[in-house]
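Enquirer: Given these sequences and hints, build the entire structure.
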Amino acid sequence: MAAGIPRRVGDGAAVRRTLIALATLISGLFLLMPLGVIVAEAFANGWSGYIGNILDAYTLDAIGLTLFVALLTVPLNMVFGVFLAWLVTRFQFPGRKLLTALIDIPFAVSPIVAGLLYLLLYGRNGWIGGWLGSHDIQLMFAWPGIVMVTIFVTCPFVARELIPVMQQQGREEEEAGVVLGASGWQLFRRVTFPNIRWALLYGVILTNARAVGEFGAVSVVSGSIRGQTNTLPLQVELLYQDANVVGAFAAASLLAGIALVTLVAKSIVEWRQDRP
Amino acid sequence: MTRTTKSLIATLALAVGVIAPASAQDRELLNSSYDIARELFADYNTLFKAHWEEQTGETVTIRQSHAGSSKQARAILQGLAADVVTYNQVTDVNILAERGNLIPTDWADRLPNNSSPYYSTMAFLVREGNPQGIENWDDLVAEGVDLIMPNPKTSGNARYTFLAAMGYAQQRFGDDQAAIDAFLSDLLAQVQVFDSGGRGSTTTFVERGLGDVLLTFESEVNNITALHPDENFQVVVPEVSFRAEFPVTVIDENIEANGTEDLARAYLEHLYSPEAQRLLAGFNYRVHDDAVQAENADRFPAVELLSVEEIAGSWDNAMEIFASGGKLDQLQRR
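Chains as they are written, first to last, in numbering that gives the first Met the number 0: chain A, 0 to 275; chain B, 0 to 333.
Hints are computed from structural coordinates only; laboratory data are not their basis. A portion of the hints provided could be inaccurate.
As the list claims (entries may be wrong) - To give an idea of the chain A side of the interface with chain B (calculated C-beta under 7 angstroms), a few residues:
#	residue
1	N52
2	L118
3	M139
4	G222
5	I224
6	R225
Unchecked claim - Residues on chain B that point at chain A, a partial pick, calculated with CB under 7 angstroms:
#	residue
7	R62
8	Q63
9	S64
10	A66
11	A74
12	Q77
13	G78
14	L79
15	R171
Just so it is clear, the structure is predicted and the values come from calculations on it, not from any experiment. Even for Gly, the Cβ is constructed at its ideal location relative to N, Cα and C.
Expert: Rendered as structure tokens:
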């Protein structure tokens, strides 16, 4: 320790080393080793086994469905998040605080409860489901239901990322734009968007990660029809219960891969965000 | 992938607007089934598809949905458009009639053997050499015998085991209700781990190595011995046990809407054909076809099978045993 710097609690070399060792050990045990296990199990039968499991018709269907769900969910929630953040940071109206709090409901509610809510509302015996059923519209136990619950559980991410950024920036720049005669779209494209783009991207990455990985809510409304309404996380569980451990871990490795890509993308975005 | 990709592109186009019903190219049939029957129905579907094509010239796509059968029944009540159900619990089919009016209450009379094309019973799996000499139910309450079974509150599998033990006790103690209760209470006290489901108990016994006896379906214990030949587990079938039925039925309301009446009925009826019965026996289920049963006589020891009616009067009565504050709770409180 350099002289002159005041001693702080727990700053001794031994304490520091112990803490570092502990943190490393825990990260290793709880984060790295499980990740290693996924890879090891997935490749237990070598490359050909791995590829064979990934190319299984049902697993491919599950990958397709999962990507499809994310493809619908992410843009919808991006637009929704921007609107919502814009609304609560640029306008004053009664109930604004309440609305800001309501955004967090999907975070506060357990996903399984979210799934049940949709089932009870849109299922055959539900308030809306009965009417839909009599018009031959099937939402639950089909892909629309899966998209609906995924939108629900992921809808706060974008708004939650944007609100602090937009609050911090204030609305002077936009007001200046208005004074200079910018239209609404020009204002968004030239002034607002450049300011929020990294926060937006960050929100989108989180939304995508969650949309791809969501299990609980989707499990309730999926009906788990093989090759039709089974998403990738459900497929992992199903393969595991089938005693096809290698297949389960091969599918899981795809999810882990998406998670890693997300992490890297997130770090890059955070780094860009920090730079002025 | 190709078909999914195509349908994905098609659905993407529709996604923004109205949700159109799936276009009918191949005829489709959806079978809602229980958790551990995936391999079985994968094989049976191949068999049936060939049979149907031979009979009618039509190719069909059969979709499978698998989960715990109570969860499956609830999904159907909430609108899962399954054409047929193939379950491992009579009670789960009953609620489709009672709560949903989706099938008539006399559904079980529509196909032979209570609409149960195959059945199983409850058996014991013991460790190498059967060191405690487990042969029958009363051996399970001997001192130092640790049992592994799922929780009767959450698992149909465990309810069957409980009813089997109850049937045995009724035979042994006759009208002496106190002795029957004492026996069942002792049995429950010997259980080391109550898992929430049958597969969980299998993991506890095989992977975690806990317990001396695993109590589960005969079909499951046979699968376990086949999967783990090195462990030299032994299968013990007691003299008296429970007739565990695997009920099947068409969902009248759904097959009408889906236009699958002929296909769905044929799908279930074909389960009774000799070739299907042979396939079912291959999955360690007992079947009704005399010829097939004779071929497999050595794999399925003779056992006196009691029905739920003989043990508890009816499924409604039986389920009261497991309800909150019911007989099971009283026996475990002692």
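Enquirer: Each hint needs a verdict: does it hold in this structure or not?
Expert: Do the hints match the structure? See the list:
Contact between A/N52 and chain B, as hinted, is not supported at the beta carbon level, the nearest pair being about 14 angstroms apart and thus beyond 7 angstroms. About 5 angstroms separates the beta-carbon of A/L118 from the nearest beta-carbon of chain B, less than 7 angstroms, and the hint is met. Given hint, A/M139 at the interface with chain B, holds; its Cβ is 5 angstroms from that chain's nearest Cβ, closer than 7 angstroms. Taken as an interface hint, A/G222 checks out: its beta carbon lies about 4 angstroms from the nearest beta carbon of chain B, inside 7 angstroms.
With a least beta-carbon distance of about 5 angstroms to chain B, the hint placing A/I224 at the interface is held under the 7 angstroms criterion. Residue-level restraint check for A/R225 holds (minimum Cβ-Cβ distance to chain B is 5 angstroms; threshold 7 angstroms). Interface hint status for B/R62: upheld, as the beta-carbon distance to the closest one in chain A is roughly 5 angstroms, under 7 angstroms. Using the Cβ-Cβ criterion of 7 angstroms, the hint placing B/Q63 at the interface with chain A is satisfied: the shortest such distance is roughly 5 angstroms.
At about 5 angstroms, the closest approach between the beta carbon of B/S64 and any beta carbon in chain A falls short of 7 angstroms, and the interface hint on this residue holds. Against a cut-off of 7 angstroms between C-beta atoms, the interface hint on B/A66 holds, since the closest Cβ of chain A lies about 5 angstroms away. Proximity of B/A74 to chain A holds as hinted, the smallest CB-CB distance being about 5 angstroms (cut-off 7 angstroms). Hint status for B/Q77 relative to chain A: holds, with the closest Cβ pair at about 3 angstroms, below 7 angstroms.
For B/G78, the interface hint holds, the least distance from its beta-carbon to any beta-carbon of chain A being 3 angstroms, beneath 7 angstroms. Proximity of B/L79 to chain A holds as hinted, the smallest CB-CB distance being about 4 angstroms (cut-off 7 angstroms). Because the beta carbon of B/R171 sits about 37 angstroms from the nearest beta carbon in chain A, more than 7 angstroms, this interface hint is broken.
In the structure shown, a violation is registered for the earlier hints numbered 1, 15, in ascending order.
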